[in-house]
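Going by the working numbering, the sequence shown opens with residue 2, and the numbers climb by one from there.
Hints may be right or wrong, so weigh each one.
As the list claims (entries may be wrong) - Only pairs whose alpha carbons sit at most 35 angstroms apart, straight line, appear in this in silico DSBU-like list of lysine-lysine:
1. K128 <-> K83
2. K124 <-> K83
3. K80 <-> K128
4. K80 <-> K125
5. K83 <-> K125
6. K80 <-> K121
7. K80 <-> K124
8. K121 <-> K83
Unchecked claim - Label pairs and their computed distance ranges (CB to CB):
9. L52 <-> V130: 43 to 53 angstroms
10. V40 <-> L127: 24 to 34 angstroms
11. N88 <-> I139: 17 to 27 angstroms
12. V31 <-> I143: 34 to 44 angstroms
13. A67 <-> A26: 19 to 29 angstroms
14. A27 <-> G72: 18 to 28 angstroms
These aren't lab readings, by the way, just hints derived from the structure by calculation.
From a predicted model like this one, the values you see are computed outputs, not experimental measurements.
For every residue, glycine included, the Cβ atom is placed at its ideal position computed from N, Cα and C.
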Amino acid sequence: FADAIATSVGALFGTSNTTTYVESAAGISVGGRTGLTSVVTAVLLLACVFLAPVAGLVPAAATAPALIVVGIMMMSAFKEIKWDELNEAIPSFFAGVFMALCYNISYGIAAGFLFYLIVKICKKQLKEVHPILIVSTILFIINFIVLALI
Numbered sequence: 002f003a004d005a006i007a008t009s010v011g012a013l014f015g016t017s018n019t020t021t022y023v024e025s026a027a028g029i030s031v032g033g034r035t036g037l038t039s040v041v042t043a044v045l046l047l048a049c050v051f052l053a054p055v056a057g058l059v060p061a062a063a064t065a066p067a068l069i070v071v072g073i074m075m076m077s078a079f080k081e082i083k084w085d086e087l088n089e090a091i092p093s094f095f096a097g098v099f100m101a102l103c104y105n106i107s108y109g110i111a112a113g114f115l116f117y118l119i120v121k122i123c124k125k126q127l128k129e130v131h132p133i134l135i136v137s138t139i140l141f142i143i144n145f146i147v148l149a150l151i
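Assemble the whole structure, with the sequences as input and the hints as a guide.
This is the structure we're talking about:
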């Protein structure tokens, strides 16, 4: 329930809606079992608000090695893709390419959704696609059209 509220309120302020789930999962994975885990996380997050200007002093060149390591870790997930299955390979490829070239994870997800739907339509397997994915893909397309017109 708390994650749902945090996601809804966070969306109003323009934050990523998946961070509440990730923070909860991270807390549980390191052994947090009580509400105290959430309190500690909240206090540390509040401290980050005041420390953000200090983090802004770090030059981009100093953060580049960390970003390279994160990129390598992301690329290691590509070995788990079944490249011989078009249903999985084509959307995964375009999701990765769009993330890298657009510098935007949500654009990569949108491309993955779109190409997954295209593959399913071409293979005449549209009935296998969940309606929520179809609606999400349509919303992504509308978003791209609106962005192109603005």
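Hints, verified against the model:
The hinted pair formed by K128 and K83 meets the criterion: a straight-line CA distance of about 22 angstroms does not exceed 35 angstroms. Proximity of K124 to K83 is assessed by CA-CA distance (about 17 angstroms); at most 35 angstroms being required, the pair is judged to hold. Between K80 and K128, the direct Cα distance comes to roughly 28 angstroms. Compliance with the 35 angstroms bound is thereby established for this hinted pair. Our distance criterion of 35 angstroms between C-alpha atoms is met by K80 and K125, whose separation comes to about 27 angstroms.
Our distance criterion of 35 angstroms between C-alpha atoms is met by K83 and K125, whose separation comes to about 20 angstroms. For the proposed pair K80 and K121, the alpha carbon gap of about 23 angstroms is at most 35 angstroms, so the pair holds. Restraint check for K80 and K124: the C-alpha separation of about 24 angstroms stays at or below 35 angstroms, so the hint holds. Between K121 and K83 the CA atoms are separated by roughly 16 angstroms; this keeps the pair inside 35 angstroms, and the hint holds.
Against the hinted window of 43 to 53 angstroms, the Cβ-Cβ separation of L52 and V130 comes to about 45 angstroms, which satisfies the hint. Range check, V40 to L127: Cβ separation about 47 angstroms, and the 24 to 34 angstroms hint is violated. Take N88 and I139: their Cβ atoms lie about 20 angstroms apart, and the range 17 to 27 angstroms holds. Taking 34 to 44 angstroms as the suggested C-beta distance range, the pair V31 and I143 conforms, at roughly 40 angstroms.
Between A67 and A26 the beta carbons are some 21 angstroms apart, a value that agrees with the proposed interval 19 to 29 angstroms. Between A27 and G72 the beta carbon distance is about 21 angstroms. The supplied range of 18 to 28 angstroms therefore holds.
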